[in-house]
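Numbering of the sequence shown is given in full-length UniProt numbering, commencing with residue 1 and proceeding in unit increments.
Hints are not guaranteed to be accurate.
Pair by pair, the computed Cβ-Cβ distance ranges are [as the list claims (entries may be wrong)]: (1) Ala118 / Phe96: 18 to 26 angstroms; (2) Phe155 / Ile70: 15 to 23 angstroms; (3) Ser68 / Asn117: 32 to 40 angstroms.
16 angstroms max Cα-Cα, derived EDC-like pairs, lysine to aspartate or glutamate [said to hold, decoys possible]: (4) Lys69 / Asp101; (5) Lys67 / Asp101; (6) Lys151 / Glu60; (7) Lys40 / Glu158; (8) Lys75 / Asp140; (9) Lys40 / Asp164; (10) Lys75 / Glu63; (11) Lys151 / Glu63; (12) Lys92 / Asp62; (13) Lys43 / Glu160; (14) Lys40 / Asp140; (15) Lys43 / Asp164; (16) Lys151 / Glu13; (17) Lys40 / Glu120; (18) Lys45 / Glu160; (19) Lys75 / Asp101; (20) Lys151 / Asp101; (21) Lys151 / Asp93; (22) Lys45 / Asp164; (23) Lys43 / Glu158; (24) Lys151 / Asp15.
Simulated from the structure, these hints should not be mistaken for lab results.
By construction, the Cβ of each residue, glycine as well, lies at the ideal position given by its N, Cα and C atoms.
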Amino acid sequence: MILYHGGLIPVPEPDLSLSRQQLDFGGGFYTTSSFAQAAKWSKIKCRRDGVPRGYISSYELDESIFKSKIMQIRKFRGPSRAWLTFVMHNRKDVGFAHPYDIVQGAVANDRVYTCLNAFEGGFIDFDTVIRRLRTYALADQISFHTDRAVKQLRFLGEKEVVSDEKDS
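Could you build the full structure based on these sequences and the hints that come with them?
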């Protein structure tokens with residue numbers, strides 16, 4: 001399986017100590033199977049930091065890892081009650097920690113946050129949020145949360161991304 005990471009610099013060896021916390025799946029190294037999604041992440045980071053270009057790092061991951069008992073893996077198959085609860089705990093609960101080496105699931109993008117904000121404000125209920133989220137075409141993300149998980153990634157190379165290119 002080929003995975004991509006969009007950032008400001010190439011990342012041949014991910015360093016978990018540099019990861020932000022309170023992300024969808026908690027602190028970790030985030031990848032996606034979508035080159036376009038990685039490019040979007042890179043451009044967003046470039047614009048945020050005022051730099052002209054970023055990079056997409058590519059990796060190979062042996063898919064058999066998902067079937068082995070070596071790692072603790074949590075896989076969400078699309079938006080669900082469990083996925084939404086997990087994302088909200090990771091984003092909102094500062095002390096929340098999960099036991100997983102790798103987490104795979106949908107990206108909570110801006111449209112998702114509109115739903116989440118409506119839910120948190122009491123404007124829509126849990127079931128309505130899930131029903132709406134299932135209508136969106138959400139990109140995937142696979143996050144790595146332990147050193148032993150990160151070591152499963154084999155760096156393939158990087159591609160430069162110009163930040164002023166428009167996202168589709």
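When the structure is checked against the list of hints, which entries are broken? Sort them ascending.
12, 17 and 21
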